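With the hints as your guide, set chain B onto chain A.
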Amino acid sequence: VRQQRNSLRTLLGPRGRVARWLARFNETPQTLACVRIVYAAFALFLLEPGKRFAAVAGLPSGLFLPPPGPARWVADALGLTGFPSLEFFQILDTGLTAALLLLLVGYRTRWVSWGVTLLLLVGSGLFYSSGKINHDLLFSLLPAALAGSGWGNCYSLDTFEGRSEPHRPWLLALVAALLGFAMFSAGVQKLEWLHPARVAAQGHLLRHVAVYGRSDGLGPWALAHVPAAAWKLADIAVVVFEVGFLPAAFALRSVRRWVLLALVFHTWVVLTLNISFWQNYAVYAAFVPWSGVLKLGERRTAWTLPVPSWFVLSALAGALFGLVRYGSPLARLDAKLVLTSDLTSRELLALGLAWLVALASLWRWAPRSRGGEATSDLHHA
Amino acid sequence: MSGPRVQRPGPAARLFAAGLCIALPLQFALAAWINARDAEPWPVVTLPSFGTTYPGSEVALDVPAFVVELADGGSVELTPGQVFASIPRSLQGGLMRARFRQTATHAAVGDNPSTWRWLDGRVAALLGEHPVSIAVRWRREHYNRRGERLALAPEDEQWVRLEHRS
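Protein chains in written order, with our numbering: chain A, 6 to 386; chain B, 510 to 675.
Pulled out of the complex, with its shape left as it was, chain A reads as follows (with noise of 0.2 Å):
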C-alpha cells in the first residue's frame, strides 16, 4: 500500500510528473490575452464558421441522420428529423458572432469563452449531420479550455472593469495534449503508409487532382515529376511527424517546434492537394510566444480604455451587425481571387500570417529560447 502511495505521489503529487508537466506551460497573462485576441479575429475575420454552417440549411431531411453521440441523441430528443431552417442558422450565426466579438474584447470572458464554445458545437454537430464530419473539434474546444486560464485578464474590459481570473498558464498544457493526441492519432492510423510496397501520399494527391479537381499550385507538378522514392519518404516523414507530435506535446518549447514543423507540412499541403485545414491555426497560435514576438512588457497588465466601456459595447453592437449583415470584410478577397479548387484567397491570407507569426517567433524566440525557458509570473511566484 506503502508503495503504490508512493507511486501515486511520484504522479499527482504537488512535485509530481503532472505538476512538472503542467509548470512547462508556464505563459504570460500578455500572451494568454494575445491568444484569445488572435483567436477570435481569426474566427471573426477569416473563418467565419457561423456562416460556414448554413450551408446545409437547404439540403433535404432525406439526408439528415447525425453522426453516433450527442448530436444524435439531442436530435432523438427533440424530435428533429431533418435539418434545421436558414433562420435558425442566422440566429446561431449572430449568437456566435455576439459570442466571439465578446471574447476579443475580453468582457465576462470565462462566460463568453464557454459559450464560443458551445455555440461551435451545435453548429458542427447539425453540420456534420450530412455524413461528413471534418476533424476541426480543436478548433471548438479551444475557447473553454482556455476559459478559465486567466485569457482575459490582460487587455480586455473585464481588466478595465476590475474583474480578472487566477492566472492558469497550465491549462495550455492540456490543450497541447488535445492536439498532440489529435496529431497521434491521426498518425497511428497511417501506419500503413510506412510499407514500402504501398502508395498513399502519392495516391491521396492524386484522388484530390482526378476527383475533386484540386488542380491548383504543385500538385499536377509533382505527380508528374516527383520520384517514387521520394513519395516513400514523404509517407514515412508524414507518420513519423504526427506519431512524434505526443511526445512532443508534453513541454511548451517542443510543442513550438512541431508547430513550426506543423506549418510547413500544411504549406506543402496547400500547394499540392489545395487543402488548408486553417482551423488548426487558431490553435497553434496558443503556443505562439506572443510576448516576445510583439514586445509586450512582462509585468504590465493593467489596460488604460482611452473611452468608456458603454462605448466600446455599442461599438460591439454596430460590429455585429457589420458581421451578420455583410460578413467579414476579408470575404471581398474570394471574390477577387477564384480557384480551380476550393481553397480560398482567406485560406492563403491566412497561410501567409502565419508564417509572418512564425518568422517573427524565430527571431524574436530562438536567442530567448537558448538561454533558457522564458521568464514567467509562475517562476516569479
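Derived from the structure by calculation, the hints contain no laboratory data.
Since the structure is predicted, the reported quantities are computational estimates derived from the model, not experimental observations.
Each residue gets a CB set at the ideal place from its N, CA and C atoms; glycine is no exception.
There could be a bad hint or two in this list.
If the Cβ cut is set under 7 Å, some of the chain B residues that face chain A in the computed set are [what the hints assert, rightly or not]: (1) 516; (2) 518; (3) 523; (4) 563; (5) 572; (6) 576; (7) 584; (8) 594; (9) 596; (10) 600; (11) 604; (12) 610; (13) 639; (14) 642; (15) 646; (16) 662.
Which bits of chain A does chain B cover? Going by a derived footprint, with three or more residues having C-beta under 8 Å, they are [what the hints assert, rightly or not]: (17) 44-53; (18) 205-215; (19) 222-236.
Here are some chain B residues the structure puts well away from chain A; computed CB gaps all over 10 Å [claimed, not checked]: (20) 552; (21) 578; (22) 581; (23) 583; (24) 585; (25) 586; (26) 595; (27) 603; (28) 611; (29) 622; (30) 636; (31) 641; (32) 644; (33) 666; (34) 670.
This is chain B only, laid out in the frame that chain A set:
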C-alpha cells in the same frame, strides 16, 4: 503594476490532467469501435486519418456522378459539385459516400422521398426540365502513378438507382 494572482495546479487539476491523458486514447478506441458498427462518431479528439493506401503500380479511385434520364430518352451526367453547389466541396465527397453508396451492410440512405423531391427540383433548376429517373453511378477509375487515366473495364461501375416515390 503586479500581474494577476497565479494559481498553481491543485490536486483536482492534476488528477484531471492525468485523467485526460487516459481518456484520450480510450475515446479514440471507443470511436473506432462505434465506427465499425454504425458510423463515424462525433465529437472525437482526432485529426483526419487519410489512412487509405494504394497498391504500387496503379491507383483505383471511386468517382461518383448523378446520371439523370430525361423525358426525351436522353441522359445527362451531373457531378456532385453541380448538384450540391451550395455546400462546401470538402463536404460533398463525404456526403456522397455516406448517403449515396450501397455497401454490403448499409443501403444508400439518400434513397428516400424527400431526397428525391429535392433532387428533382435541383435537376429542374440546373437543366430546365424534371427528370424521369436519377441514379448515382460509382465508377472505379484507374490511374497510373503519374496521374494518367487508364482504360475502364465495364465491371468497374456500381449503380444506385434512386426510386421515384412520393
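Verification of the supplied hints:
1. 516: 4 Å, holds
2. 518: 5 Å, holds
3. 523: For residue 523 of chain B, the interface hint holds, since the closest Cβ of chain A sits about 5 Å away, which is under 7 Å.
4. 563: 4 Å, holds
5. 572: Since the shortest Cβ distance to chain A is 5 Å, the answer is holds.
6. 576: 17 Å, violated
7. 584: 21 Å, violated
8. 594: 10 Å, violated
9. 596: 5 Å, holds
10. 600: Interface hint status for residue 600 of chain B: holds (5 Å vs cutoff 7 Å).
11. 604: 5 Å, holds
12. 610: For residue 610 of chain B, the interface hint is violated, since the closest Cβ of chain A sits about 10 Å away, which is over 7 Å.
13. 639: 16 Å, violated
14. 642: At 17 Å from the nearest chain A Cβ, residue 642 of chain B fails the 7 Å test, so the hint is violated.
15. 646: At 14 Å from the nearest chain A Cβ, residue 646 of chain B fails the 7 Å test, so the hint is violated.
16. 662: 17 Å, violated
17. 44-53: violated (count 0)
18. 205-215: holds (count 8)
19. 222-236: holds (count 4)
20. 552: Violated, because the least Cβ-Cβ distance between residue 552 of chain B and chain A comes to about 5 Å, which does not exceed 10 Å.
21. 578: About 20 Å separates residue 578 of chain B from the closest Cβ of chain A, which puts it past 10 Å; holds.
22. 581: 26 Å, holds
23. 583: 25 Å, holds
24. 585: 19 Å, holds
25. 586: 15 Å, holds
26. 595: 6 Å, violated
27. 603: 2 Å, violated
28. 611: For residue 611 of chain B, whose nearest Cβ neighbour in chain A is about 14 Å away, the distance exceeds 10 Å, so it holds.
29. 622: The claim breaks: residue 622 of chain B does not keep its Cβ more than 10 Å from every Cβ of chain A (closest is about 7 Å).
30. 636: 18 Å, holds
31. 641: With a cut-off of 10 Å, residue 641 of chain B remains clear of chain A, as the shortest Cβ separation is near 19 Å.
32. 644: 16 Å, holds
33. 666: 15 Å, holds
34. 670: With a cut-off of 10 Å, residue 670 of chain B remains clear of chain A, as the shortest Cβ separation is near 15 Å.
The structure is inconsistent with the numbered hints 6, 7, 8, 12, 13, 14, 15, 16, 17, 20, 26, 27, 29, although it conforms to all the rest.
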